[in-house]
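Student: In the order they appear, the protein sequences are chains A and B. Counting in our numbering, the final residue of the first sequence is number 149, and the numbers go up one at a time with none missing. Counting in our numbering, the final residue of the second sequence is number 115, and the numbers go up one at a time with none missing.
Heads up, some of the hints might be wrong.
[As the list claims (entries may be wrong)] Facing chain A, from chain B, some residues (calculated, C-beta under 8 Å):
(1) Ser34
(2) Ser36
(3) Phe38
(4) Phe53
(5) Tyr55
(6) Phe105
(7) Gly106
(8) Thr107
(9) Gly108
(10) Thr112
Just so you know, these hints were derived from the structure itself, not from any lab. Where a beta carbon is used, it is the ideal one built from N, C-alpha and C, also for glycine.
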Amino acid sequence: DAGITQSPRHKVTETGTPVTLRCHQTENHRYMYWYRQDPGHGLRLIHYSYGVKDTDKGEVSDGYSVSRSKTEDFLLTLESATSSQTSVYFCATKGPTGGRYNSPLHFGNGTRLTVT
Amino acid sequence: QKEVEQNSGPLSVPEGAIASLNCTYSDRGSQSFFWYRQYSGKSPELIMFIYSNGDKEDGRFTAQLNKASQYVSLLIRDSQPSDSATYLCAVNRGTGNQFYFGTGTSLTVIP
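Whole structure, please, built from the sequences with the hints as guidance.
Tutor: Here it is in C-alpha cells:
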C-alpha cells in the first residue's frame, strides 16, 4: 500500500488535555487528509493538506488544527480534547491527479482515540 | 441531501451468490468514483475505481456507473465469507481535493 503510518494506534486522554496525532508517509504524495469515522456518520473530513504549509478545512474542522512542515508528515492536534472527539481517526494520502480524473485515497491503519 | 448515499444494510447473501451494493450521489459534476472495503476494526482498502459510464471488471468485482442516473454500484460474483465487510462508496468532483463518502453497506456472506 501507500506506506502510511499513524501514531499512536490507541490513545486514552482526559477532557481538556491537548492531543497530537501523527501521520507519516513514504510515497512523497502531495495530498494528505485527516478523517474521523463514527457509527452512523461514516468518514468525515477534518482537514487536508495540498502541500507543505498548505492546508484547508473539511466539514468537521472545529476543535482541530493541523500542521505540515514536511511532505511526509501531517499532524492533527486537538487543542483541548472533548468527549465528542472520541473517534477513530484515519490519515489518507492521494497520488497525483491525472487530467480530469482523480487518484484514489490510500489510508493508514487508524488511531483509536478515547476522551474520558 | 447527503452528497453520497448508501443503504446501510445489513445485506446478507449465501456463499457463491452475487452481492449487489448500490450508491447514489447528488453532484452531477462528480467525475471519479471509488469503492472501498473495510473489515471491522481495520482501515478502508481500495477495491476499484471507475471514471466512465458503463462497467469495469476486476476479478470477481464489477463496478457499474450511470452518470445520467447518478448511480454507481458494485457487484461481487461468487461471494465468499471473506467478503463479509462494510463497503464504502466515495465520490470526487473532478480534480477537486475533497472526497465524499457514504456511510457504508454492511455485507455478510453466509457459508
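Student: Hint by hint, note whether the structure agrees.
Tutor: Hint by hint, here is what the structure shows:
Restraint check, serine 34(B) versus chain A: the minimum CB separation of about 10 Å is more than 8 Å; hint violated. With its C-beta approaching chain A no nearer than about 4 Å, serine 36(B) sits inside the 8 Å limit, and its interface hint holds. For phenylalanine 38(B), the interface hint holds, the least distance from its beta-carbon to any beta-carbon of chain A being 5 Å, beneath 8 Å. Against a cut-off of 8 Å between C-beta atoms, the interface hint on phenylalanine 53(B) holds, since the closest Cβ of chain A lies about 5 Å away.
For tyrosine 55(B), the interface hint holds, since its Cβ comes within 8 Å of a Cβ in chain A; the closest pair sits about 5 Å apart. Look at phenylalanine 105(B): its Cβ gets to within about 4 Å of chain A, closer than 8 Å, so that hint holds up. Given hint, glycine 106(B) at the interface with chain A, holds; its Cβ is 6 Å from that chain's nearest Cβ, closer than 8 Å. A distance limit of 8 Å between C-beta atoms decides the matter here; for threonine 107(B) the minimum to chain A is near 4 Å, and the interface restraint holds.
The interface hint given for glycine 108(B) is met, as the beta carbon of that residue sits about 6 Å from the closest beta carbon of chain A, less than 8 Å. The interface hint given for threonine 112(B) is violated, since its Cβ lies 17 Å from the closest Cβ of chain A, which is over the 8 Å cut-off.
Violated hints for the displayed structure, listed by number in ascending order: 1 and 10.
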